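There are 2 protein chains.
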Amino acid sequence: MADLSLIAELATEGTTKIVLLVMDGLGGMPVEPGGPTELEAARTPNMDRLAAEGTLGLHIPIRPGLAPGSGYAHLALFGYDPLIYPVGRGVLEAVGIGFPLEPHDIAARGNFVTVDAEGRIVDRRAGRIPTEVNARLVERLRTIRLEGVEVRIEPVKEHRFVLVLRGEGLSPALTETDPGKTGVPPLPVRALQPEAERTAALVNRWIEQARALLADAHPANMVTLRGFDRPPRLPSVSEVYKLRAAAIAAYPMYRGVARLVGMEVLEVHGESPEALFREAVARWDDFDFFFIHIKPTDSRGEDGDFAAKVRVIEAVDAALPILLERGPDVLVITGDHSTPAALRTHTWHPVPVLLWAPRTARPDGAPGFGERACRTGGLGIFMATDLMPLILAHAGRLSRLGA
Amino acid sequence: MADLSLIAELATEGTTKIVLLVMDGLGGMPVEPGGPTELEAARTPNMDRLAAEGTLGLHIPIRPGLAPGSGYAHLALFGYDPLIYPVGRGVLEAVGIGFPLEPHDIAARGNFVTVDAEGRIVDRRAGRIPTEVNARLVERLRTIRLEGVEVRIEPVKEHRFVLVLRGEGLSPALTETDPGKTGVPPLPVRALQPEAERTAALVNRWIEQARALLADAHPANMVTLRGFDRPPRLPSVSEVYKLRAAAIAAYPMYRGVARLVGMEVLEVHGESPEALFREAVARWDDFDFFFIHIKPTDSRGEDGDFAAKVRVIEAVDAALPILLERGPDVLVITGDHSTPAALRTHTWHPVPVLLWAPRTARPDGAPGFGERACRTGGLGIFMATDLMPLILAHAGRLSRLGA
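Chains as they are written, first to last, in the UniProt record's numbering: chain A, 1 to 403; chain B, 1 to 403.
Hints in this document: simulated from the structure, not taken from any laboratory. Quick caveat: nothing in here was measured; it's all calculated off a predicted structure. Mixed in with the good hints there might be a few duds.
Each computed DSS-like pair below joins lysine-lysine, with the alpha-carbon atoms no more than 30 Å apart [to be verified]:
| hint | chain 1 | residue 1 | chain 2 | residue 2 |
| --- | --- | --- | --- | --- |
| 1 | A | K17 | B | K181 |
| 2 | A | K157 | A | K295 |
| 3 | A | K242 | B | K181 |
| 4 | B | K242 | B | K295 |
Selected chain B positions facing chain A (in silico; Cβ < 8 Å) [to be verified]:
| hint | residue |
| --- | --- |
| 5 | M29 |
| 6 | G69 |
| 7 | Y72 |
| 8 | G88 |
| 9 | W348 |
Ideal placement from N, C-alpha and C gives every residue a C-beta, glycine not left out.
Bound conformation, chain A alone (with noise of 0.2 Å):
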């Protein structure tokens, strides 16, 4: 993998324009032996030429084995691998749910939790309460005023929430309170540095206040908190790579994410396939780079639903035209990580890669766009951080290294 800083110091400025298209969740597998994956199984005829006209691969999204989440995934498609680059879970939490966070923010995951009469922890997620319940508790738990800082609570799914502050002189150097077991109570919070401690006393004082307030709110009786974070400062992607980048995507998770890496958010109308690409269009002059995401890939996989994950693939391939009508210089399609509809959720095999680039690429002569002709394609199986380089070179705005 290159370091960002050789990619910033060698990337150049340039008039090529680039379209990475995400089918979060892409890379599948079949269902009987011997049998397609999803995308092996789906109609692609467009998708099928580029592969013909261009190069295939597999990337590795964090390392081999790892099984992603989607946060971590597209940082890695992005170029910052998030073993390098690492984002705490509480700022991952709030990207997720698309929270507008400052750059001084301390972020925190929270968990409703039940205790018993003597404050030890029964069940780590409060019998994962439903979503509903969750957001009245947070309406409670928004009352609680602090000195001096900002407090501000947004309910996530079931038992999850996420807690911020924003104020002057915080710090996220704190310990958790989630003890990882029952049968004990919550930890208090301690800093890990001196200049944490006004930061750990104040959390401290909202944690004893929910507590009071949350005393007759059975299973949903007290909270937990871990992952205490400020957003990263990533390098943006105007910076590394000199490209302006414009994502769009509909769910609050990439749309998020995109923002951290500096690409500019833009508004969609619409989330077919068809409505994102045709945003990539209109704003075409704009920008060098678009990121477009498609989430249901993803979301049928986890339903199991093989079928479903197929033609959602298919739409997206029926919708290629409109992209390829407008020209791009190079355009990468492939998915954030696998989730393939047999196992029902994210998972760490490798993800088809098809890069097309009518001037540049070496064409692979590839009979179609699947993790078989992945296999074998003149990219090789690479890591996921690799792929921002390859995408710059392809589209002419890589200068030589060395004489």
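Take the given structure of chain A and dock chain B to it, following the hints.
Then chain B, alone, in the frame of chain A:
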């Protein structure tokens, strides 16, 4: 990528003979959809037989997406990752013209530039003056004397030259004088460390004398200097690989890089493949390892002349029996990078590798030597710096790691 100190521990002396045949810029691309690359189009009966008996693969010269200069690409082929063992631009420039650098020399890359009456740069390349004009101006600059150091200056091409300071107590920790833009004067040289103060003063004095000598020499009426460096202290191929290595190359850059890694650079009598191969055969008993460099594959690629590049490859193939009759234990045929005629420049595309070792290679049974066959070869797609360990292994010159 394997660590050189590990390889140095495991490498053993032996009696096996190795040939590394580098066709510069070998990797190519089709010029028409579905067509062959240069290597695939070439009639290469000898290489095709070796491909069937040997193992194929593709190497990535430096990192995915990076198009390397020839110096860096050769260092990587020899196992020295240029991002780990960097070589300054001044040194590469000197090496490229065959200047015999001594260990404590300081080399810089110089440009003739055009400045206006106020000394502001108006052209950073002095209109790319002809090399002959450059040579005459260099003659003038040779009259400059500095106290206590020897000054050498050599013309390169067009507006470029090499400046070398030789003497005691010099340091390359200097800033560059090229401001990287026009409209401002060249910068003075500053020391980056206290021990470089004297060198900075000497270089600034040289620049002031150069300015005076060039005052009437429009458009090349001033100079800039960049990339001050000393020859790197690379561990030699005899230390690391336990090889007595010879370089058979007609062009200065490749002779220079081979010298940097401690190969013995042989005199050549002709540039044809036959002539170069006969040199190896003539010195067969004196060395374990022969690096043989073929230049015109790259030159014809840069010309954009697909057919001429094909003919160069065919001429190499036709001469191969000269080497094969001598019976090397390992013969590797590859390039340092790709130079597809279709793109007329060095590119990042992975480079075909044929590793033939009649006793130790696991045969691929490939139908011939070309990019497509290499894509699915037994060596996979691998980093160039892994080639030397693979070569040593196939030559029976690398001990087992661990009990």
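Numbered hints the structure breaks, given as an ascending list: Hint 8 is the one this structure does not satisfy, whereas the remaining hints hold.
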